[in-house]
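Those sequence lines, one after another, are chains U and G. Residue numbering for the first sequence follows our numbering, starting at 1 and increasing by one per position. Residue numbering for the second sequence follows our numbering, starting at 1 and increasing by one per position.
Hints listed in this document are in silico derivations from the structure and should not be mistaken for laboratory results. The structure presented is a predicted model; accordingly, all values stated were derived computationally and were not measured. Glycine included, each C-beta is placed from N, C-alpha and C at the ideal position. Take the hints with a grain of salt, since some may be wrong.
[Claimed, not checked] Which chain G residues face chain U? A few, computed with CB under 8 Å, are given here:
(1) Arg24
(2) Asp26
(3) Met142
(4) Leu181
(5) Ala184
(6) Ala286
(7) Asp287
(8) Gly290
(9) Gln303
(10) Val325
(11) Tyr327
(12) Ile330
(13) Phe332
(14) Asn334
(15) Asp467
(16) Asp470
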Amino acid sequence: MTSESGTAEGRFAGERLKLSPFYPRQEELNVREAWSSWNGYKFAEYYYDTEFEYFCVRNLCGTYDICPMQKYEIKGRDAETMLNRMVTRDVRKIGLHRVAYCVWCTDEGRMIDDGTIFRLAEDRFMLTCGSPCTAWLEMSAWGFDDVTVTDVSDELSALSLQGPTSFATLKKMGLDGLETAKPFDIRLFPYHGETLMVSRTGFTGDLGYELWVDRKLGLKMWDELYAAGADYGIQPYGEAATNMARLEAAFIMPAMEFNEALRTVHFEHDQTPFELGLGWLVDFKKPHFSGRAALLAEKERGPVYTLTKLDIEGNRPAEGAHIYSNKRCTREIGYVTSAMWSPAVKANIALAMIETRYLDGPLWAEIYYEKELRHHSRVVRCTQQSKPFWTPARARATPPPEA
Amino acid sequence: MKNAPLSLIALVNSSPRETRSLDRYDSIIVGAGHNGLACASLLARAGQKVLVVEAADEPGGLAATREFHPGYKASVAHSIGRFSEALLEALDLSAHGYQPAVRELPLVGLDESGSHVTIRSDSVTGVDNVDAKAYRDYSRQMARYADALKPFWSKTMPRIAPGGLRDMLTFAHMGWAIRRLGKADMEEFMRVASLPARDLMEEHFSSEILKATLSWDGLLGSRMAPRSPNSSVLLMLYRMAEASRGAHGIPSGGANGLIAALVRSAEASGVEIRCGTPVSGIRIDADEQGLNAVGVTTAEGEQIAAARVVSAADPQRTFVELVGVEYLDIGFTNRIRRLRCDGLVGKLHLALDGLPEFTGLKAPEGRLLIAPDVDAIEFAYDDSKYGRCSEKPVMEIVLPSLADASLAPAGHHVLSAHVMYVPRRLKDGWSETAKQAFAERCIDRIARYAPAIRDLIVHQEFLTPADLDDEYRVTGGHWHHTEFAMDQMLMMRPTYEAAQYSTPIPNLFLCGAGCHPGGDLTGLTGHNAARAILR
Chain U
1 MTSESGTAEG
11 RFAGERLKLS
21 PFYPRQEELN
31 VREAWSSWNG
41 YKFAEYYYDT
51 EFEYFCVRNL
61 CGTYDICPMQ
71 KYEIKGRDAE
81 TMLNRMVTRD
91 VRKIGLHRVA
101 YCVWCTDEGR
111 MIDDGTIFRL
121 AEDRFMLTCG
131 SPCTAWLEMS
141 AWGFDDVTVT
151 DVSDELSALS
161 LQGPTSFATL
171 KKMGLDGLET
181 AKPFDIRLFP
191 YHGETLMVSR
201 TGFTGDLGYE
211 LWVDRKLGLK
221 MWDELYAAGA
231 DYGIQPYGEA
241 ATNMARLEAA
251 FIMPAMEFNE
261 ALRTVHFEHD
271 QTPFELGLGW
281 LVDFKKPHFS
291 GRAALLAEKE
301 RGPVYTLTKL
311 DIEGNRPAEG
321 AHIYSNKRCT
331 REIGYVTSAM
341 WSPAVKANIA
351 LAMIETRYLD
361 GPLWAEIYYE
371 KELRHHSRVV
381 RCTQQSKPFW
391 TPARARATPP
401 PEA
Chain G
1 MKNAPLSLIA
11 LVNSSPRETR
21 SLDRYDSIIV
31 GAGHNGLACA
41 SLLARAGQKV
51 LVVEAADEPG
61 GLAATREFHP
71 GYKASVAHSI
81 GRFSEALLEA
91 LDLSAHGYQP
101 AVRELPLVGL
111 DESGSHVTIR
121 SDSVTGVDNV
131 DAKAYRDYSR
141 QMARYADALK
151 PFWSKTMPRI
161 APGGLRDMLT
171 FAHMGWAIRR
181 LGKADMEEFM
191 RVASLPARDL
201 MEEHFSSEIL
211 KATLSWDGLL
221 GSRMAPRSPN
231 SSVLLMLYRM
241 AEASRGAHGI
251 PSGGANGLIA
261 ALVRSAEASG
271 VEIRCGTPVS
281 GIRIDADEQG
291 LNAVGVTTAE
301 GEQIAAARVV
311 SAADPQRTFV
321 ELVGVEYLDI
331 GFTNRIRRLR
341 CDGLVGKLHL
351 ALDGLPEFTG
361 LKAPEGRLLI
371 APDVDAIEFA
381 YDDSKYGRCS
391 EKPVMEIVLP
401 SLADASLAPA
411 GHHVLSAHVM
421 YVPRRLKDGW
431 SETAKQAFAE
441 RCIDRIARYA
451 PAIRDLIVHQ
461 EFLTPADLDD
471 EYRVTGGHWH
481 HTEFAMDQML
491 MMRPTYEAAQ
501 YSTPIPNLFL
511 CGAGCHPGGD
521 LTGLTGHNAA
531 RAILR
């Protein structure tokens with residue numbers, strides 16, 4: 001027995017959370033020590049205050065650490081064909097230095113995960129997603145002559161910069177030419193002998209960018225970004241503020257709106273893209289992709305459930321609420337997946353999975369809440385929304401406003 | 001099925017290389033093994049215009065007879081257990097020259113001192129009275145089970161998912177066949193169905209050679225040994241399904257006699273057979289309507305169009321090499337990928353300038369087993385599990401030239417041996433030296449029973465499963481295209497979504513040994529596939 005095996009380091013070696021390259025700065029800024037974890041990384045739930053961080057993102061700009069997000073490099077002569085067969089969108093249509101939001105499904109058409117595909121060259125892509133996907137990618141690549149899949153999650157420093165002053169911050173940082181970048185465009189900049197990749201992407205529904213650079217330059221990039229953003233109100237934001245922003249944009253989250261099909265135990269407790277309102281991502285003009293036959297049947301049959309955007313009466317968040325087709329709550333027709341009072345929209349918003357056949361009728365939510373240890377419920381009317389709750393014009397404007 | 005656009009495709013694709021677009025085939029069969037030929041004949045008899053394309057220069061696949069030394073011929077399949085009687089009749093094979101074996105080949109468990117055990121379908125000699133009586137009871141019991149299972153082998157398996165009325169009826173039929181055994185027999189059948197062969201033998205017999213010899217037909221061709229619980233009892237029963245009860249014979253002309261009759265029958269029905277035409281791919285038409293198999297591309301680049309393609313090649317070769325994974329769902333591909341396709345049977349061919357004498361045998365007739373007890377089989381298997389050659393190989397020897405004199409010059413003979421548990425992937429790789437060394441080891445084993453054998457050898461050839469893969473284009477060199485095991489049987493063979501002879505790709509079908517019911521020279525998969533296609 002070595003002397004080290006008795007120490008905490010020795011006994012738990014390999015068990016401890018990994019630290020982001022940005023950790024030295026995050027540690028300073030996380031005044032509440034509000035840490036959780038994501039894919040094995042120590043990760044801030046919030047730094048100072050969730051609402052404060054949310055308002056920074058909506059009114060100024062904020063950074064969100066996406067180092068824990070899974071990133072795979074997929075390259076080779078067959079890389080395009082391999083991805084095109086895996087995801088439901090047509091990868092052939094993703095232009096050079098463009099990004100596309102995609103989903104991929106089991107043979108049965110149940111959603112495994114969503115993510116983004118970056119086309120970096122004719123035969124080279126980057127796939128990002130929330131959860132590890134190595135096994136599925138390996139299965140998807142098997143049988144092709146020339147494609148390699150490499151997990152590059154730990155090789156990159158990746159930081160999301162979101163909010164109305166994000167463009168101004170990057171411009172001040174010296175990234176010239178970014179103003180022509182449209183949503184889902186990629187721009188490359190020489191950066192201390194390496195390349196800094198900037199994509200106009202994000203998870204807040206607002207103007208925003210994601211920055212990708214070699215891991216060793218991560219801290220330098222953070223410092224230069226924060227120096228440039230000092231006058232633009234730059235702040236770090238954590239998981240909680242992200243969850244608020246994405247809900248206003250009606251973006252889906254795993255384990256909230258959907259269960260990843262490969263991790264779901266119960267039959268059909270996972271979802272199809274049609275149930276999640278992502279039918280627009282399923283390109284049946286493509287002759288084949290994994291799950292096509294099942295999804296075609298699902299489309300013809302119509303999804304049993306539909307993810308629905310709701311504006312809910314009153315101001316009590318409908319988290320965990322059941323949805324009924326009548327005020328007496330005798331016929332349950334769905335459940336709320338995410339809900340909050342939206343400061344930006346000034347409305348009580350929610351996403352809910354509701355049986356499609358009831359969507360034409362009235363919708364009632366039974367909301368549960370607690371007041372000083374007493375439990376209450378209230379039945380309130382819900383109104384369907386057809387558009388995402390929060391869609392500022394600046395999110396799409398090119399060139400984007402500077403502040 | 002999208003019949004309307006097919007003629008359009010033929011026109012749109014009318015490049016100079018496109019031949020026969022105006023005179024399109026109804027079906028192209030890939031592979032002229034016995035299943036491909038049987039399927040082709042049945043389709044042609046139903047009025048289809050059928051082309052069979054075969055990579056080798058002769059039809060027959062693993063049953064084709066080849067000259068391994070000038071004047072000496074052998075086929076990998078050296079005898080026939082039970083070709084489907086229904087198919088013999090449907091294809092009128094006797095009118096096309098098929099003459100079944102006159103005599104059954106006894107199964108002989110060789111003993112070094114000459115006290116052999118000889119098993120015929122109704123009796124056993126060389127054992128004591130108790131074993132002889134036990135054998136009669138055992139064989140009657142097994143025959144009842146084999147009869148109960150017989151309907152399973154010639155049916156399209158129902159889908160596991162909720163299906164139509166036909167699937168329900170098949171389930172009912174299968175259940176009824178088992179139930180009709182009667183309570184006692186049914187219970188006993190359910191108990192023994194997945195027993196290791198060794199346990200079944202221990203329950204009935206005391207003679208070591210008898211136990212080993214009777215186990216053999218539950219194991220041959222599989223990655224299974226006497227102590228493996230899985231499908232060996234079912235494989236035994238599968239092989240006992242016809243009236244021959246699994247007793248082998250050598251038809252006139254050997255295995256090739258059957259192939260020749262199948263070819264004549266097919267040609268008489270209008271089937272066109274093109275040998276020496278390797279297929280490099282199955283053509284998939286891909287458009288907004290989805291996928292559709294529309295023909296094949298040959299290695300020479302010729303495109304041949306057809307309304308459907310029926311592959312007699314093994315499932316891995318069909319889907320991964322000929323179709324390509326880009327046209328398949330990922331989960332489905334993964335199930336095809338993990339099919340167990342490594343063959344474990346090597347083939348030894350000896351050209352002999354005289355008839356070998358086996359100690360204590362009047363004539364070396366029958367299937368002669370070198371497997372003195374069940375553990376000898378088990379230990380031979382153990383070596384192969386770790387990528388080694390068996391220290392003491394076990395094997396089945398036949399002298400096909402005794403039944404078919406055309407296989408060797410006058411007075412000369414051919415010895416053909418299935419050597420069990422020869423790994424496809426030898427730990428250190430199959431070099432010529434390794435092959436020769438192992439062949440010598442096999443001959444040493446034979447010499448213990450036929451001491452003068454070495455003096456008769458004119459030439460020897462040893463084929464490993466890897467050689468069978470190369471030469472016969474069978475993945476892994478597996479006789480049955482993929483393991484005949486519980487998880488790869490019935491409605492799981494080769495995998496769900498392809499277990500009813502149709503595949504996820506419209507107008508692409510399977511008819512080879514990788515389908516239900518499985519391998520051996522039975523013709524059943526070709527038969528079942530044709531029926532499913534014509535349905």
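Verification of the supplied hints:
About 21 Å separates the beta-carbon of Arg24 of chain G from the nearest beta-carbon of chain U, more than 8 Å, and the hint is not met. Among the interface hints, the one on Asp26 of chain G is violated; its C-beta lies about 24 Å from the nearest C-beta in chain U, farther than the 8 Å criterion. A cut of 8 Å between beta carbons decides the hint on Met142 of chain G: the least distance to chain U is about 40 Å, and the hint is violated. Restraint check, Leu181 of chain G versus chain U: the minimum CB separation of about 34 Å is more than 8 Å; hint violated.
A distance limit of 8 Å between C-beta atoms decides the matter here; for Ala184 of chain G the minimum to chain U is near 38 Å, and the interface restraint is violated. A distance limit of 8 Å between C-beta atoms decides the matter here; for Ala286 of chain G the minimum to chain U is near 3 Å, and the interface restraint holds. With its C-beta approaching chain U no nearer than about 6 Å, Asp287 of chain G sits inside the 8 Å limit, and its interface hint holds. For Gly290 of chain G, the suggested interface contact is upheld, since its CB lies about 6 Å from the closest CB of chain U, less than 8 Å.
Proximity of Gln303 of chain G to chain U is violated relative to the hint, the smallest CB-CB distance being about 18 Å (cut-off 8 Å). For the restraint placing Val325 of chain G at the interface with chain U, the shortest Cβ-Cβ distance is roughly 3 Å, inside the 8 Å limit, so the hint holds. Taken as an interface hint, Tyr327 of chain G checks out: its beta carbon lies about 5 Å from the nearest beta carbon of chain U, inside 8 Å. Because the beta carbon of Ile330 of chain G sits about 4 Å from the nearest beta carbon in chain U, less than 8 Å, this interface hint is met.
Hint on Phe332 of chain G holds. Least Cβ distance to chain U is approximately 6 Å, under the 8 Å limit. Interface restraint check for Asn334 of chain G: the shortest CB-CB distance to chain U comes to about 5 Å, inside 8 Å, so the restraint holds. The beta carbon of Asp467 of chain G comes no nearer than 25 Å to any beta carbon in chain U, farther than 8 Å, and the hint placing it at the interface is violated. For the restraint placing Asp470 of chain G at the interface with chain U, the shortest Cβ-Cβ distance is roughly 20 Å, beyond the 8 Å limit, so the hint is violated.
Hint compliance for this structure: hints 1, 2, 3, 4, 5, 9, 15, 16 are broken, all remaining hints hold.
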